[in-house]
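Enquirer: Generate coordinates for the entire structure from the input sequences, incorporating the hints supplied.
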Amino acid sequence: MVDNTSNTDAPLSRRGFLSWMTVAWVFFAAAMGGFLTMCGRFLFPNVLFEPPSSFKAGFPDQYSPGAVSVDWKGKHRVWIVRTDDRIYAILARCTHLGCTPNWLPNESKFKCPCHGSGFRMSGINFEGPAPRPLERVRIGLAEDGQLLIDKSVTFRQEKGDWENPDSYLMT
Amino acid sequence: MAEEKKNKNPFKSVIWKSIFRVQVPQDRRGRMMQVLNNVFLHLHPVSIPKHAVKVKYTWCMGGLSFFVFLVLTVTGILLMFYYVPTTTRAYTDVIDLAETTPLGIMREIHRWGAHLMVITVWLHMFRVFMTGAYKPPREFNWAIGVILLTLTMLLSFTGYLLPWDQLAIWAITVGSNMAAATPLLGREGPGAALVSIGDINLVTPLSDAKYGLLGEREVRGGALLRFYVFHCIAFPVVIVVFMAVHFWRVRKDGGVSGPL
Ligand code: HEM
Ligand code: FES
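As they're listed, the protein sequences go chains A and B.
Be aware that the first sequence starts at 232, since it is given in the working numbering, and climbs by one per residue.
Be aware that the second sequence starts at 6, since it is given in the working numbering, and climbs by one per residue.
Among these hints, one or two may not hold up.
Claimed, not checked - Stretches of chain A that chain B covers, calculated by requiring three or more beta carbons in the stretch to come under 8 Å of a beta carbon on chain B: (1) 273–287; (2) 320–330.
What the hints assert, rightly or not - Estimated spans, in silico, between C-beta atoms of each pair: (3) A249/B with E281/A: 39 to 49 Å; (4) F286/A with W127/B: 45 to 55 Å; (5) W253/B with A262/A: 22 to 32 Å; (6) G297/A with I238/B: 47 to 57 Å; (7) G265/A with M158/B: 27 to 37 Å; (8) V243/B with R245/A: 16 to 26 Å; (9) D101/B with A262/A: 25 to 35 Å; (10) P283/A with V243/B: 34 to 44 Å; (11) C65/B with F286/A: 50 to 60 Å; (12) E281/A with I24/B: 36 to 46 Å; (13) P362/A with W253/B: 44 to 54 Å.
Just so you know, the hints here were simulated from the structure itself, not pulled from any lab data.
The C-beta atom is built at its ideal place from N, Cα and C for all residues, glycine as well.
Expert: Structural data, given as C-alpha cells:
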C-alpha cells in the first residue's frame with residue numbers, strides 16, 4: 232500500500248508546482264539569454280588578417296613639389312603630396328561614406344565617384360556631401376632615409392591635428 | 006465478381022487510400038476533407054470569399070512576392086553549386102555562371118527575380134495601405150509585414166556584395182559606413198562616446214555595428230563570407246518563419262479583407 236505519510240511521495244501541491252515552474256523558467260530564460268549573448272559575441276572576431284598598416288614610400292626627393300603622387304594608392308590607399316615646403320600623406324578614404332576618391336590632375340582636385348564629393352589638394356572638402364576634410368596619416372623618415380607612412384595614426388584638420396609635426400615632413 | 010471489380014477501381018485501392026487518406030470526394034464535405042488531409046493543399050483555405058480572388062483588389066502582389074521568393078530559392082540553390090565566396094573566385098565564378106555554365110540564364114533569373122521581389126513587396130504594401138487592409142484586426146499582420154519588408158531588403162543588400170565587382174564592394178562600403186553612423190552603436194554615430202565605462206569607450210572600430218556587420222574593419226574576404234552565409238542561410242530561414250506567421254494570420258484575421 233502507498234504510504235501517504237511519507238513526504239517524498241506526496242503529490243506536488245499547486246503552490247509547489249508553481250514555484251518549481253518559476254525556478255525552471257528563470258533558469259531557461261537565463262540560459263537562452265546567455266546563449267544569445269554568446270552568439271552575438273561570436274560574430275565579433277578577436278584577430279584580423281589585415282595587411283600591415285605602415286610601409287616605406289621611397290625617398291623624399293622622388294616627389295616633385297606641387298604634385299600629388301598616386302603611386303601608393305592602389306596598394307596602400309595613400310596619396311603622397313608635396314608642396315613647396317612640406318610633404319604629407321592623405322588617406323584615400325572619402326569622409327562621406329568611405330569610397331576611394333580619384334585625383335584629377337587637370338582640375339587639381341580629389342573627386343569621389345560614389346556621390347561626388349570634391350577635395351582640394353590639401354584634402355579640404357569643398358563640394359558634395361563629405362562633411363569634413365580627408366584625413367592625413369603619420370609620415371616620418373625611416374633609418375635608411377625613406378619615407379615611413381603609418382596609416383594607424385590619422386590626423387584630422389577639424390581637430391587641429393594638421394599642426395602636429397608627425398603629420399608632415401619639412402623639406 | 007462485383008467485389009473483384011470494385012478492388013480494381015484505382016480510386017478505391019490500398020495505394021490511393023494510403024496516399025490520400027480519404028475517399029474520392031463526392032460532396033462538399035468530402036472535398037473539404039480532401040484539402041484538410043493534404044499537407045500541400047491545406048496551405049490554402051478550404052474556401053475563400055469571392056472578392057479575395059479579384060486581381061483588381063489584391064493585385065495578387067503578396068502571392069506574387071511569395072512566388073518570386075520560391076523562384077529565388079530554387080535558382081539560388083543552383084547557383085550555390087558553382088559559386089565560391091572567396092575574393093579570388095567570387096567575381097570570375099559569377100562571370101562563369103553566365104558564360105560557361107549550362108543554361109547560364111539561371112544567374113540572370115536570380116538577379117532579375119531579386120529586383121522583382123523588392124518591387125512586388127513594395128507594391129503589396131502599397132496595396133494593403135491603399136485598401137486600408139492594415140486596420141484592426143489586421144494591425145499585427147502589418148507589423149509582421151514590416152519585418153518581412155526589412156528581411157527582403159536585407160536579402161537584397163547581402164546578395165548585392167556576392168558578385169564582388171566594383172559596384173558590389175563600394176555599395177557595401179557605403180552601406181556599412183552608414184552602420185558606423187548608427188546612434189550610440191556606431192563608431193561615428195551620435196552619442197557613441199556616451200557608451201563607455203569610466204574612460205573606456207565601448208564603441209570602437211573593433212566593436213561597433215559596422216564591425217559586427219562586416220566581421221572586419223573594411224569590406225574584405227571576411228565580409229564576403231559573412232554576407233554569403235547571411236544571404237544563403239540565415240535570412241532565408243528567418244523570412245520563411247515570418248512568412249508562415251504572416252499567411253497564418255491572413256487566414257485567422259478572417260481571410261483577405263473585403264473591399265471597402
Ligand atoms: C516577403 C514579403 C511578403 C509576402 C510574401 C507577403 C504575402 C502576403 C499574402 C500572400 C497575402 C494575402 C493577400 C495578398 O496577396 O495581397 C498578404 C496579406 C497581407 N500582407 Fe503581406 N506579404 C509580404 C510583405 C508584407 C508587407 C511588407 C506588409 C506591410 C507592411 C504586409 C502586410 C499585409 C497585410 C496587412 C495583409 C492582409 C491584407 C488583407 O487582408 O487584405 N505584407 N501578404
Ligand atoms: S562616399 Fe565619397 S561622396 Fe559619398
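Enquirer: Against each hint, give a clear statement of whether it holds in the structure.
Expert: Hints, verified against the model:
no., hint, in the structure
1, 273–287, "holds (count 6)"
2, 320–330, "holds (count 3)"
3, A249/B with E281/A: 39 to 49 Å, "41 Å, holds"
4, F286/A with W127/B: 45 to 55 Å, "47 Å, holds"
5, W253/B with A262/A: 22 to 32 Å, "28 Å, holds"
6, G297/A with I238/B: 47 to 57 Å, "54 Å, holds"
7, G265/A with M158/B: 27 to 37 Å, "31 Å, holds"
8, V243/B with R245/A: 16 to 26 Å, "39 Å, violated"
9, D101/B with A262/A: 25 to 35 Å, "46 Å, violated"
10, P283/A with V243/B: 34 to 44 Å, "39 Å, holds"
11, C65/B with F286/A: 50 to 60 Å, "59 Å, holds"
12, E281/A with I24/B: 36 to 46 Å, "59 Å, violated"
13, P362/A with W253/B: 44 to 54 Å, "47 Å, holds"
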